[in-house]
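Enquirer: Protein sequences appear in the order of chains A and B. Letter 162 of the first sequence, counting from 1, is numbered 162 in this note's numbering, and no numbers are missing. Letter 56 of the second sequence, counting from 1, is numbered 56 in this note's numbering, and no numbers are missing.
Worth flagging that the hints you see were computed from the coordinates, not collected in a lab. The beta-carbon is built from N, C-alpha and C at its ideal position, and this holds for glycine as well. Be careful, since some hints might not be right.
Claimed, not checked - Which bits of chain B does chain A cover? Going by a derived footprint, with three or more residues having C-beta under 8 Å, they are:
#, stretch
1, 18-25
2, 52-58
3, 100-110
4, 116-128
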Amino acid sequence: MRAGAKGRPAGEPGFSPPPIRASMAAHPETCPLSDAPPALTHPTPGALFFGYLKIGLFGFGGVAAWARRVIVEERRWLTERDYAEILGMGQILPGPNVGNAAVMIGRRFHGLAGALLATAGLYFAPLIILIGLCLFYDRYGQLPAVAPVMNGIAAGAAGMVIGTALKMTGKLKLSVEALAVLLLAAIAAFVFRLPLPLIVVLLAPVSIAFSLWRAGLLGGAKGAAR
Amino acid sequence: MTLVLQILLTFSILSLVAVGGANAVLPEMHRQLVELRGWMDDATFSQLYALAQAAPGPNILVASVMGWQVAGVSGMAAATLGMLVPAAVLAWGMAGLAWRLRGAPWLKPAQGGLVPVAIGLILAAGLTMAQASYSHGLWPLLVVAVSTIFVWRTDYNPLWVLAGGGVLGAVLLQ
């Protein structure tokens with residue numbers, strides 16, 4: 001059993017890490033990184049759990065920034081683009097995009113066990129801290145006097161989230177129309193406070209259509225890709 | 001139906017409409033918990049929301065705190081599971097679908113099309129957080145600006161700016 005499990009990847013049937021690269025090579029237009037990024041690592045189940053434990057523990061004000069930092073920069077489980085694509089799929093599903101991405105990334109590397117471990121890691125530390133806060137709140141009827149510190153951390157976290165969005169935009173070398181979609185989504189959510197599901201429903205099809213057209217798969221505009 | 005099952009059911013439904021995460025579902029959560037079911041009043045809802053913000057992790061855990069308020073530990077477990085499981089099952093299915101379609105030439109470009117939407121919404125979330133911090137004076141905006149550039153232009157550990165912001169907040173707001 002053990003030998004069998006070793007011979008076959010624990011994740012998707014027939015999955016092994018290299019296809020990440022192979023699939024990118026098959027679509028050079030979706031892989032604009034000319035200078036080859038450092039080699040990716042294939043996380044063990046334990047590494048999945050502990051990586052996500054860190055993401056949850058440090059993720060004040062939301063986990064999007066830490067998730068990208070840990071997965072792409074520190075542990076190098078995925079390329080910038082692969083991670084962005086998984087996050088994009090997580091965005092159109094209900095639920096937190098990083099939580100959805102944890103399920104998908106966990107499944108990709110270690111199947112059901114991976115999905116459960118990544119999810120458990122993500123929520124474990126925050127839940128423990130929340131239980132502590134709830135107990136405090138039940139006893140004293142107010143929040144602990146950490147508000148000034150939290151305000152400072154929240155400001156730092158806000159910058160971290162903005163910086164992460166800018167960094168991803170820069171590294172992914174988005175096309176002009178993709179940049180327009182990005183700005184429209186940000187303006188719709190931040191300035192006009194439109195409901196996020198509405199923004200996704202309106203912009204996702206447009207953006208996908210643009211992307212397919214760029215790849216020469218829509219409107220017979222093959223030449224447009226190059 | 002017992003209270004815990006009601007909590008499980010309520011949050012399971014919320015989970016399935018939470019496209020965009022916690023902030024997207026907050027108005028509906030308020031309607032369900034405060035207006036329809038009368039599990040808590042307006043002020044409690046707001047306080048619990050603030051409580052959840054003080055903890056790290058995905059904002060969706062605001063559901064856990066609400067569950068705690070309604071029915072203690074079992075309520076927290078029911079709300080958390082209700083909020084996480086349906087969305088996670090969908091994500092699992094989506095990953096499987098993407099895997100089955102992996103050879104399709106349109107899959108990567110289609111996935112790529114979702115990327116700018118996701119990044120745009122992350123940017124909006126950061127700007128919204130920055131705006132919220134601005135209500136405490138001008139200095140948080142300085143922290144936001146330094147943190148933005150730090151994370152955008154360098155690969156150093158962002159814990160430094162979080163810690164710096166926390167220390168500055170403690171010093172300036174005491």
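Enquirer: Which of the listed hints are not met by the structure?
Expert: Every hint satisfied by this model.
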